[in-house]
Amino acid sequence: MTSTVEAPLNCNSPTLELGLRHGSEPKDQEDEETLAARMARIRMIGMAPIKREYLYRYPAKGETSVDTNQIIKGGVTSEEGKDVKDDEKEDKEGEEEPAGDAEGEAADAANPTAPVARPKQRGMNKARKNARPKRDSAKLCPSLVFDDRKCRFGAQCRYMHDREAFWRTKPADLGPSCPVFEQRGRCPYTLSCRFAGAHTADDGTFEQKSDEAVAAKWAPSRNVAPMVLQKALRQRSYDFTPSKKALESVGSIVEDGVGDLEAPIGPPMERRVMRSADWADKLYLAPLTTVGNLPFRRVCVGMGAEITCGEMAIATSLLMGSASEWSLIKRHPCERFFGAQIAGGYPDTMTKCAQALTENVEIDFLDINLGCPIDLVNQKGGGCALANRPPKLIEVLRGIDAVTSRDEKRIPITIKMRTGLKEGQNTAHSLIAKIIRHSPPDLITMHGRSKEQRYSKVADWDYVKQCADLASPLPFFACGDVMSYDDYYKRKEESSVTGIMIGRGALLKPWIFTEIQERRHWDISATERFDILKQYVNYGLDHWGSDDQGVNTTRRFLLELLSFQYRYIPVGLLEVLPQRMNDKPPGYFGRSELETLLASDRASDWIKISEMLLGPVPDNLDFVPKHRANAY
Numbered sequence: 001m002t003s004t005v006e007a008p009l010n011c012n013s014p015t016l017e018l019g020l021r022h023g024s025e026p027k028d029q030e031d032e033e034t035l036a037a038r039m040a041r042i043r044m045i046g047m048a049p050i051k052r053e054y055l056y057r058y059p060a061k062g063e064t065s066v067d068t069n070q071i072i073k074g075g076v077t078s079e080e081g082k083d084v085k086d087d088e089k090e091d092k093e094g095e096e097e098p099a100g101d102a103e104g105e106a107a108d109a110a111n112p113t114a115p116v117a118r119p120k121q122r123g124m125n126k127a128r129k130n131a132r133p134k135r136d137s138a139k140l141c142p143s144l145v146f147d148d149r150k151c152r153f154g155a156q157c158r159y160m161h162d163r164e165a166f167w168r169t170k171p172a173d174l175g176p177s178c179p180v181f182e183q184r185g186r187c188p189y190t191l192s193c194r195f196a197g198a199h200t201a202d203d204g205t206f207e208q209k210s211d212e213a214v215a216a217k218w219a220p221s222r223n224v225a226p227m228v229l230q231k232a233l234r235q236r237s238y239d240f241t242p243s244k245k246a247l248e249s250v251g252s253i254v255e256d257g258v259g260d261l262e263a264p265i266g267p268p269m270e271r272r273v274m275r276s277a278d279w280a281d282k283l284y285l286a287p288l289t290t291v292g293n294l295p296f297r298r299v300c301v302g303m304g305a306e307i308t309c310g311e312m313a314i315a316t317s318l319l320m321g322s323a324s325e326w327s328l329i330k331r332h333p334c335e336r337f338f339g340a341q342i343a344g345g346y347p348d349t350m351t352k353c354a355q356a357l358t359e360n361v362e363i364d365f366l367d368i369n370l371g372c373p374i375d376l377v378n379q380k381g382g383g384c385a386l387a388n389r390p391p392k393l394i395e396v397l398r399g400i401d402a403v404t405s406r407d408e409k410r411i412p413i414t415i416k417m418r419t420g421l422k423e424g425q426n427t428a429h430s431l432i433a434k435i436i437r438h439s440p441p442d443l444i445t446m447h448g449r450s451k452e453q454r455y456s457k458v459a460d461w462d463y464v465k466q467c468a469d470l471a472s473p474l475p476f477f478a479c480g481d482v483m484s485y486d487d488y489y490k491r492k493e494e495s496s497v498t499g500i501m502i503g504r505g506a507l508l509k510p511w512i513f514t515e516i517q518e519r520r521h522w523d524i525s526a527t528e529r530f531d532i533l534k535q536y537v538n539y540g541l542d543h544w545g546s547d548d549q550g551v552n553t554t555r556r557f558l559l560e561l562l563s564f565q566y567r568y569i570p571v572g573l574l575e576v577l578p579q580r581m582n583d584k585p586p587g588y589f590g591r592s593e594l595e596t597l598l599a600s601d602r603a604s605d606w607i608k609i610s611e612m613l614l615g616p617v618p619d620n621l622d623f624v625p626k627h628r629a630n631a632y
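Under full-length UniProt numbering, the first residue of the sequence shown is numbered 1, with each subsequent residue one higher.
Treat the hints with caution; some may be incorrect.
[As the list claims (entries may be wrong)] Straight-line C-alpha distance at most 27 angstroms; calculated DSS-like pairs for lysine-lysine:
id: 1; residue 1: Lys245; residue 2: Lys409
id: 2; residue 1: Lys490; residue 2: Lys457
id: 3; residue 1: Lys626; residue 2: Lys457
id: 4; residue 1: Lys244; residue 2: Lys392
id: 5; residue 1: Lys244; residue 2: Lys231
[What the hints assert, rightly or not] Between beta-carbon pairs, the in silico distance windows are:
id: 6; residue 1: Gln379; residue 2: Ile436; range: 44 to 50 angstroms
id: 7; residue 1: Arg410; residue 2: Ala201; range: 51 to 57 angstroms
id: 8; residue 1: Pro333; residue 2: Val228; range: 20 to 26 angstroms
id: 9; residue 1: Arg52; residue 2: Asp469; range: 41 to 47 angstroms
id: 10; residue 1: Glu575; residue 2: Trp218; range: 45 to 51 angstroms
In short, the hints are calculated from the structure, not lab data.
Backbone N, C-alpha and C fix where the C-beta goes; we use that ideal spot for every residue, glycine too.
Full structure from sequences and hints, please.
The structure is reproduced here in structure tokens:
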């Protein structure tokens with residue numbers, strides 16, 4: 001039975017621009033303008049050119065209902081005909097919620113049954129609850145899960161020590177097969193695994209199964225910081241003698257009134273810059289905070305990414321032995337060309353951090369973050385703030401070079417920067433000239449936007465070309481708004497860069513690397529996209545664990561990824577190719593219910609997708625996207 005609901009009002013609908021006035025059907029032929037002219041006009045106002053047959057038809061005047069079988073972007077209607085609402089949708093950027101007034105409070109007092117208005121939550125990790133979901137069940141003591149653990153609390157341990165009691169109270173498995181067992185040949189989480197039935201004997205002995213053939217092929221993640229290292233860093237007993245000597249030899253650098261840098265104190269550092277051929281034409285997945293985790297990098301490597309870099313790690317946190325920060329340096333064996341990215345604002349901490357990384361982990365290059373726009377990082381002198389202090393940056397570069405060039409195998413140094421601090425005030429060319437003269441890195445990567453722009457508006461590729469020509473013959477990569485193979489080859493040819501780094505384009509469509517290699521637009525089906533999400537979840541369970549905590553962590557990062565991927569518009573729905581990064585689509589529906597669900601911008605629908613992969617969510621789950629860059 002078909003039910004009806006009141007049609008949602010879309011105040012931002014470009015119906016007049018699209019020629020779809022309320023109540024009118026799309027016309028088969030163009031009346032007043034050619035298709036090309038209409039598409040150009042649509043894109044001029046920042047709208048994505050969706051084919052008319054997939055556009056949502058808004059009701060005519062006097063029409064108050066709409067068939068709920070017609071699923072629109074922004075939410076999926078349920079079988080009962082009720083529209084799935086989302087109270088957590090992000091506000092417009094920069095718009096503040098009213099604090100309330102006397103009239104509103106008086107009205108609330110007069111009508112106590114009225115719903116209480118809640119302030120809407122925002123992204124960017126500001127004023128977010130960030131509450132961890134409660135465990136779905138009692139937890140088994142780690143001493144009964146892992147062979148190398150011992151319980152130090154005895155009878156006072158707050159976890160369960162009775163396997164039979166735990167097995168009886170344990171919630172139902174999330175699936176018939178365990179992704180961790182299938183990848184490793186055994187599951188280290190044993191009974192606490194949410195898929196434990198797949199590898200646990202059903203004879204009451206709780207014996208764990210194993211597949212020796214699969215286990216022999218499995219290779220663990222690298223760069224796992226040992227407890228000895230973390231303890232030495234926390235207790236400040238780690239030997240940083242090489243860093244101290246390097247800092248003494250570098251000396252201090254001062255800047256004169258003209259803006260040029262005087263010669264440093266002490267002998268200049270010898271640089272052995274890598275050849276452009278070592279980097280040229282390689283597909284580089286950008287380091288992406290939060291969403292650029294190891295499982296996502298594995299997905300992208302499988303799609304064709306050749307260079308990967310870990311998430312931004314704070315140098316001071318690494319030096320304090322933070323386990324969560326060191327986990328950002330982990331590397332999967334499939335990552336053939338892998339680097340670590342660090343952020344900091346002072347030569348001593350950055351040099352010591354580089355030494356600790358060089359001596360304890362396997363990395364192919366070390367990237368210095370000069371482009372992070374986050375206030376918390378910039379207030380401590382890192383990110384864009386370090387790029388605004390050339391003397392300090394050159395001291396950082398020289399100190400890091402000294403501690404990474406002690407052995408025969410020298411670790412290359414790269415930097416990632418922006419065009420400047422403010423829009424229209426580009427300063428990167430001046431900085432590039434100074435660092436090339438005094439301490440050239442092995443690779444420069446530029447995001448064609450300023451700190452102030454963050455991810456809004458289009459990238460300035462004309463300025464990128466100017467900087468690439470200035471840096472030549474130094475290898476120079478650039479990123480910004482690359483969403484298809486057309487964008488990739490066009491930008492690479494016109495800007496004279498050594499290669500292209502891909503960031504948000506990979507978040508929206510990880511298969512962009514395949515498209516670039518094969519030079520085609522891939523009209524990927526919704527089922528194929530869902531299979532990629534399933535692969536990401538399996539990698540996530542292998543990385544974070546398949547117990548309650550691991551499942552919740554995997555779900556959280558899956559939701560962060562979905563907060564970007566909903567922006568992808570299928571190739572078959574577009575009038576003109578390719579999709580542009582900042583083009584916002586009007587209300588539309590897909591070619592299947594799954595495709596429409598994947599296009600929803602509602603957190604409630606992202607949670608629904610996560611339930612299709614990871615089972616029901618915890619009762620207290622409250623998700624708000626962390627990044628503002630997920631929006632238009």
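Is Lys244 close enough to Lys392, meaning Cα to Cα at most 27 angstroms?
Between Lys244 and Lys392 the Cα gap is close to 16 angstroms, so the pair holds against 27 angstroms.
Taking the Cβ atom of Pro333 and the Cβ atom of Val228, is their distance within the range 20 to 26 angstroms?
With a Cβ separation near 23 angstroms, Pro333 and Val228 satisfy 20 to 26 angstroms, so the hint holds.
27 angstroms limit on alpha-carbon distance, applied to hinted pair Lys245 and Lys409
20 angstroms, holds
Please check whether Gln379 and Ile436 have a Cβ separation lying inside 44 to 50 angstroms.
Violated, at about 28 angstroms.
Hint check: Lys626 vs Lys457, CA-CA at most 27 angstroms. Holds or violated?
20 angstroms, holds
C-beta pair Glu575, Trp218: status relative to the range 45 to 51 angstroms that was hinted
47 angstroms, holds
Verify the proposed pairing of Lys490 with Lys457, using a straight-line Cα cut of 27 angstroms.
19 angstroms, holds
Is the distance from the Cβ of Arg52 to the Cβ of Asp469 consistent with 41 to 47 angstroms?
44 angstroms, holds
Within a Cα-Cα threshold of 27 angstroms, do Lys244 and Lys231 meet the stated pairing?
Answer holds: Lys244 to Lys231 is near 21 angstroms, not above 27 angstroms.
CB-CB spacing for Ala201 and Arg410 relative to the 51 to 57 angstroms hint:
Holds: the Cβ-Cβ distance is about 52 angstroms, inside 51 to 57 angstroms.
Hint 6 alone, counting from the list given before, is not met by this structure.
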